[in-house]
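Participant: Go by the hints and put chain B onto chain A.
Here are the chains, one letter per residue:
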Amino acid sequence: MASESKSQLKAKAGRKTPGGGVDNQPLKRIALVGNPNVGKSVIFGLLTGKYATVSNYPGTTVEVTQSNMTLGGQRYLVVDTPGVNNLLPMSEDEQVTRDILLEQRPDITVQVGDAKNLRRTLSITIQLAEMGLPVVLDLNMEDEAMDSGITIEKEALSLALGIQVVGTVAPQRKGLKELSSAILSGGAVPAFNMDYGKAEEYIEKIASCLPPANISGRSIALMVLAGDKSLAPWLKANLDETAIENIESIRDECALKLGAPIGLYINETRLKKAGEIVPAVFSKVPQRENAVISFLSKVTIHPVWGVPFLLVVLACLYEFVGVLGAGVFVNFLERVIFGQYLNPMFARVFELIPVPFLRELFVGRYGIITMALTYSIAIVLPITTTFFIAFSILEDSGYLPRLAIMTNKFFNMMGLSGKAVLPMVLGLGCGTMAVMTTRILEGKRDRLIAIFLLALAIPCSAQLGVILGMLGSLSMKAMVIWLLSVFGVLLFAGWLAAKILPGKRSEFFLEIPPIRKPSLQNVALKTANRAVWYLKEAVPLFILGTLVLFTLDKLNMLTLIEKAASPVVVGLLGLPPKATEAFIIGFLRRDYGAAGLFDMSRHGLLTHVQALVSIVTITLFLPCLASFFIIIKEKGIRVALLMLAIITPFALIFGGFLNWTLRYFNVSV
Amino acid sequence: MRAAPETEKRQFEDEALESLWELYEKSGSGMGTGGETVSLEELKSSLENAPALDGMHKEELIEISGGRVKFTGAGRLRARDITRRHRLAERLFADILALNEYEEDACRFEHAISPEVEEAICTFLGHPPTCPHNRPIPRGKCCKLYAKKVTPLVASLADSQVGEDYKVVFLRTPMIDRLASIGLVAGSLIRLVQKKPSYVLKVDETTIAVEEEVAKGVFVKKP
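Going down the list, the sequences are from chains A and B.
Positions 1325 to 1993 (the numbering used here) are the ones given, in order, by the first sequence.
Positions 788 to 1010 (the numbering used here) are the ones given, in order, by the second sequence.
For reference, chain A alone in the conformation it holds in the complex:
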């Protein structure tokens, strides 16, 4: 592509041009496909300029992200897909990707692969070739391959497969130009000459029974033969019953002939083919590992040292988020910026307005500025931001999947496998994202339990930060009681759910990425993105909650509600009536409720025991509105309501139990 001019190669980042701003060419589709954790989202960001979350663990992308780009005068729609190890889907995130290829048929498939793992990469290329899709192969992470002493003859590989093969180091933008020009060339269907031996005649037989589709009949026939159940709806929609029965009998015949599971046979044939190509283009000279990385790789999963390491990580997290974020930053923002400057300034401005109603609406006791904005920006924002920074570093280091190794046995007790640690820990960031991430879990039952536990006992970053801030002003004992309560509930609820729900948990299997040095740029970008997302999502709800309180207060209903709720709030939980407000707004967002309690505790309205009881209760309280909607989306309204009906009374009863215990044994915290 030497004739391409430079200007043509420049990708115009993510600018949407509705109505075809560039010219009248049709929009071409590009799908980024590849194994998990190979850097598809980084490539996506480079091509389109739109940030898709990038982390160092498989399963960061569970949903499709898409954006436009313009390359050489042609407009493209670029789709970032969840990583797949196989286009025979084994979990819901993998199915998302297969369905995109099946239903949308991209004009070009850019396969992103890990340069270190050529055999696995090629086994996906083979499947794309079988589908008849034009492919450009991008071997990413060339720097890591080089560090491990791996060299790949890209020209030889390109010649062997008849497609363009480029190498990239995405975070450094290396090889981006070559990738762009390869995309412009349009891609080609890779040549592999696959031969499935004894299965061939059955592949042909099934292919001839299939309706026309976006991808080759041969590839669908292979999926059917391999026993891909996720294909059943598509088959049902496109074929009549006798045809489906016919296909099934062909499959049974094939299984009999092979005398082995067909799916495994197909997989092995592909891997064998890939394995034949690798030696000719791949060479490795073993290198000495980086000492720090090698040490961390070992200590993080060490049966003994892994535990103190985790405790150190948690202590650092507490110092950074609980002390620096919730202490220093919140104090500065709330007391100085809002307390001394902004709120008095707005108060003075609104004094000029002769309408008392407006004045109270903005700067009153339940004012949009004095309550909603103070809570969201002065209390919660610094906490979430510090949390997101720490969390991004953890995500990018590759530590989180290693936690799964350490905690598998613990999760087994809750009917889950260690893999569930990923959505759970992610839930500490945000419950909504975490509920979606449960898609990486293999079984439906695992997903249901994980979502339930997320909704019940996993506080999100905002809430967690506020709680840590409150615990910071109590004692170590309070911290321990809170931790024991939450872990106890988590364990008990998980154990119970595992007992009640039929079926068996899926077995633990997780790919562990290498330990990597987090990139400062990605941490900053990811934190900024999440902070913006927080502001967009939380602030309107904070304002809404404030308006609810304001209206109730104006209608003199607040005291009525406080009275009505008093048997629960005052009687059961032993809290002052004003705490009712925190639970009302806690319906909208748990962190908002927690912020209300935080505020009360800072103004000396709660005793230590009350503070502890209230934060345990709010931790277990309803999931926030946003994650409630996500649960509806993922699991349906019935399941969501059922969870709500279990969680609310449970949280209150447990809070009451704790209150009674603390008082009965006269525990001082």
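I should point out that these hints are in silico values taken from the structure, not numbers from a laboratory.
Ideal Cβ positions, reconstructed from N, Cα and C, are used throughout, including at glycine.
Treat each hint with caution, since some may be false.
[What the hints assert, rightly or not] Across the chosen pairs, the derived CB separations fall in these ranges:
#1 B/Q948 with A/Y1988: 49 to 57 Å
#2 B/K989 with A/P1585: 55 to 63 Å
#3 A/T1985 with B/P1010: 53 to 61 Å
#4 A/G1373 with B/Q948: 48 to 56 Å
#5 B/P925 with A/P1557: 34 to 42 Å
Facilitator: What follows is chain B alone, placed relative to chain A:
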């Protein structure tokens, strides 16, 4: 089809010797170098064709005196071999082929295999010390040789050494498709990184974590 009379006779003798071996084990009289005896009545009651015992007596496989039976040197050796083959067959059927009903087949199998096959099976199974019913498998020549080496030829990852490289021989786990999808199939080279708190394996440049149940189903040998 009936077996030739000669084979039939041999099979009966084998069964009788095996029964005698088992009775010795049961009586707890120790499996020392001879001298132990079992009551003739007891042995007869465990056999189908008891009168043929007399023939064995004549062939000097057993000695009968005063209602007690004991091995001769030759009889003892043959009893040992047949018991060993039977119990190895049980191990093979139960562990590797995952059969539930294997007793009858094991009985037929024990007569059919040559010493070479017996040795190969024993090595393949990693020189198991006991049968699935927990009775000891008499040691063979290969086991004694093996005692000097460290690893069995084929063993599950659960019985393998941390930090070593292995070649996968076969897989017997429901996770087989998942493992295949990351490139772990029969023939792959893998390294066992650690066993606790979870199993960690390395295949090419891919590291995976699995639980013990899965690791037990991955059978490997030294590359």
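Participant: State for each hint whether it applies.
Facilitator: To see whether the hints hold, each was checked on the structure:
1. B/Q948 with A/Y1988: 49 to 57 Å: At 55 Å between Cβs, range holds.
2. B/K989 with A/P1585: 55 to 63 Å: violated, 25 Å
3. A/T1985 with B/P1010: 53 to 61 Å: holds, 59 Å
4. A/G1373 with B/Q948: 48 to 56 Å: holds, 50 Å
5. B/P925 with A/P1557: 34 to 42 Å: For A/P1557 against B/P925, whose Cβ atoms are near 58 Å apart, the range 34 to 42 Å is violated.
Violation of the numbered hints given earlier is confined to hints 2, 5; the remaining hints are satisfied by the structure.
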